[in-house]
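*Asks:* Here are the chains, one letter per residue:
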Amino acid sequence: MHVVIINGSPRVQKYSNTEKIIASFAKGLSEKGASFETYAISNRKSWEMIREAYIKNEEILIALPLYVECIPGLLLEFLETLPKKDEHTRLSFLLQSGFAEGCQLRCGEEFLTKLPEYLGVRYGGCLVKGDNFGIRILDEAKQEQVTKPYQAMGELFAEGDGFFREEAKKFTGPEYFSLPMRLMLQFVFKTFAKKMFQKAAASLGCNTPLDEKIWETNSGCRE
Amino acid sequence: MSVTTNPANFSSLERIKPGLEKRKETKYRMVLMIDTTIKQIGKQIAEELLHSGGNPAGFELIDTTGMHISHCVGCNYCWLKTPGVCAIKDDYEPILKKMNEAGQVWLISDTHFGFVSYQTKNIVDRVMPLVTMYLKVKDGQMRHVMRYDHQPDIGIIYTGEGDQAYLERWCQRTALNLGSRSLGVFPAEHRKEAVSCML
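Just so you know, the sequences run in chain order F and L.
FYI, our numbering numbers position 154 of the first sequence as 260, with every residue one higher than the one before it.
FYI, our numbering numbers position 49 of the second sequence as 178, with every residue one higher than the one before it.
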């Protein structure tokens, strides 16, 4: 099997969480003897090359971050430039997001299940996984650790059934969090998480409160 | 916000804080239309709104033809480096400021793959400065804490072969993320129904 993997994130590759996920996934492909080539749409200059790879190959995987309940605008623009192909080509997706629960990605997933038909190609399934916001701020060793589970999904994909197997469906994790978990999260969000985010911001040189109402100063609407 | 939709709550709140609710009412009732369609159908819709008597708080039509509006690059600066401010300096910020003040935002869009065009999706992807990095749990799901107290409701008017059911789902989910409501999704042929929602 030879897989064309397209990183559909608009973020520069260096800081792309999707890129780290692809690296781990591709390791799994190699483990099982599959080969791959990878591209990223964040650089428009490579679009012509990606289109050629899309036209020439029959196993395509687009990995992408969820942007406002669907696919990023830039990826949508790129897809509009693809020519129609036939069902010899299989198009699969790896959809990742910051929000952790499976239910957060279902609206985006629905779009992806319907997309292959518009392009004339066959649907190979969609691997759905949240809780990836933090990857970019971790050091290299930690990044490798948190993206490790994607390697097993690469191995599974190399077996040829796309993402239709039970293991791929289970990979998403909980659809909703249980009540005790939600209460715990609520507490963390109100306390440690705020501090952690403010610290992350400080490392970028930001000293403004992260919830600053920047357009409302002196407008008297702060109730 | 429930107090603005329930008249009983509204009057009681006015007794406690006279003036507050009134100010919010007039300030946030403006109807904003953002037209990215190639045929610029927003003009027609605006005219129909005027013929129907118009929205008392006024409306504004932004035709994005010729404007430079980049896609969101996911840099997270609007959350972590310059909270509330987008790092991309193009024609988008004035649009976002208008959205922040409007009661209703109508996305007037062409469709591809049954979905809104990338031009419209770019406009939606870039609302993140209105959202903060902070998180909360609401109605059983994780949500971001909004930056401002008021959030505009969102509606869609589309041309072409839109996937009506999917667009409705997407519009509702998008509004849920902003802590507001979906105004509904209307094919351009049924724009009169949309206009009646603007009055």
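Hint data in this document are derived by calculation from the structure and do not stem from the laboratory.
Don't be surprised by glycine CBs; every beta carbon is placed ideally from N, CA and C.
Wrong hints could be hidden among the right ones.
[As the list claims (entries may be wrong)] So the derived list for chain F, only partly shown, Cβ under 7 Å to chain L, looks like this:
#1 P116
#2 Q119
#3 A306
#4 A307
#5 E318
[Claimed, not checked] Short, incomplete list of chain F residues facing chain L, as computed with Cβ under 7 Å:
#6 Y173
#7 F205
#8 C213
#9 T219
#10 P222
#11 E223
#12 Y224
#13 M287
#14 M290
#15 L291
#16 L310
#17 L316
#18 D317
[To be verified] The calculated DSSO-like cross-link candidates involving lysine-lysine, where the alpha carbons are at most 27 Å apart (straight line), are:
#19 L:K267 with F:K235
#20 F:K190 with F:K248
#21 F:K319 with L:K226
#22 F:K301 with L:K265
#23 L:K227 with F:K305
#24 L:K210 with L:K227
#25 F:K300 with L:K210
#26 L:K267 with F:K301
#27 F:K319 with F:K275
#28 F:K220 with F:K235
#29 F:K319 with F:K133
#30 F:K301 with F:K133
#31 F:K300 with F:K319
#32 F:K235 with L:K265
#33 F:K190 with L:K168
*Asks:* Compare the structure with each hint and give your call.
*Replies:* Outcome of the hint check:
The beta carbon of P116 of chain F is positioned within 7 Å of a beta carbon in chain L (closest approach about 5 Å), and the interface hint is therefore held. The criterion of a C-beta within 7 Å of any C-beta in chain L is not met by Q119 of chain F, whose closest approach is roughly 12 Å, and the hint is violated. With a least beta-carbon distance of about 6 Å to chain L, the hint placing A306 of chain F at the interface is held under the 7 Å criterion. Of the supplied interface hints, the one on A307 of chain F holds, with its beta-carbon coming within about 5 Å of a beta-carbon of chain L, less than 7 Å.
Because the closest C-beta pair between E318 of chain F and chain L is about 5 Å apart, less than 7 Å, the hint holds. Because the smallest distance between the Cβ of Y173 of chain F and any Cβ of chain L comes to about 5 Å, under 7 Å, the interface hint for this residue holds. Because the beta carbon of F205 of chain F sits about 5 Å from the nearest beta carbon in chain L, less than 7 Å, this interface hint is met. The criterion of a C-beta within 7 Å of any C-beta in chain L is met by C213 of chain F, whose closest approach is roughly 5 Å, and the hint holds.
The beta carbon of T219 of chain F is not positioned within 7 Å of any beta carbon in chain L (closest approach about 10 Å), and the interface hint is therefore violated. For P222 of chain F, the interface hint is violated, since its Cβ never comes within 7 Å of a Cβ in chain L; the closest pair sits about 10 Å apart. Among the interface hints, the one on E223 of chain F is violated; its C-beta lies about 9 Å from the nearest C-beta in chain L, farther than the 7 Å criterion. Given hint, Y224 of chain F at the interface with chain L, holds; its Cβ is 5 Å from that chain's nearest Cβ, closer than 7 Å.
Because the smallest distance between the Cβ of M287 of chain F and any Cβ of chain L comes to about 9 Å, over 7 Å, the interface hint for this residue is violated. Violation of the interface hint for M290 of chain F is found here, the shortest Cβ-Cβ separation to chain L being roughly 10 Å, above the 7 Å cut-off. The restraint placing L291 of chain F at the interface with chain L holds, with a minimum CB-CB distance near 6 Å, inside the 7 Å limit. Satisfaction of the interface hint for L310 of chain F is found here, the shortest Cβ-Cβ separation to chain L being roughly 4 Å, below the 7 Å cut-off.
Interface hint at L316 of chain F: satisfied, since its Cβ lies 5 Å from the closest Cβ of chain L, which is below the 7 Å cut-off. For D317 of chain F, the shortest C-beta to C-beta distance to chain L is roughly 5 Å, which falls under 7 Å, so the interface hint holds. Of the supplied pair hints, the one linking K267 of chain L and K235 of chain F holds, its CA atoms being roughly 20 Å apart against a limit of 27 Å. Our distance criterion of 27 Å between C-alpha atoms is broken by K190 of chain F and K248 of chain F, whose separation comes to about 41 Å.
This hinted pair checks out: K319 of chain F and K226 of chain L have alpha carbons roughly 12 Å apart, not beyond 27 Å. For the suggested pair K301 of chain F and K265 of chain L, the alpha carbons sit about 14 Å apart, so the restraint of at most 27 Å is met. This hinted pair does not check out: K227 of chain L and K305 of chain F have alpha carbons roughly 31 Å apart, beyond 27 Å. A threshold of 27 Å between alpha carbons decides the hint, and for K210 of chain L with K227 of chain L the separation of about 23 Å falls inside it, so the pair holds.
For the given pair, K300 of chain F sits about 15 Å from K210 of chain L by alpha-carbon distance, which is consistent with the 27 Å threshold. With a CA separation close to 21 Å, the supplied pair K267 of chain L and K301 of chain F stays within the 27 Å bound. Only pairs whose Cα atoms come within 27 Å are accepted, and K319 of chain F paired with K275 of chain F is rejected, the gap being roughly 41 Å. Distance check on the hinted pair: K220 of chain F and K235 of chain F sit about 19 Å apart at the alpha-carbon level, within 27 Å; holds.
Between K319 of chain F and K133 of chain F, the direct Cα distance comes to roughly 44 Å. Violation of the 27 Å bound is thereby established for this hinted pair. In summary, the hint linking K301 of chain F to K133 of chain F is not supported, as the alpha carbons are separated by about 35 Å, beyond the 27 Å threshold. Between K300 of chain F and K319 of chain F, the direct Cα distance comes to roughly 16 Å. Compliance with the 27 Å bound is thereby established for this hinted pair. Between K235 of chain F and K265 of chain L, the direct Cα distance comes to roughly 20 Å. Compliance with the 27 Å bound is thereby established for this hinted pair.
Restraint check: the Cα-Cα separation between K190 of chain F and K168 of chain L comes to about 25 Å, which is no more than 27 Å; the hinted pair holds.
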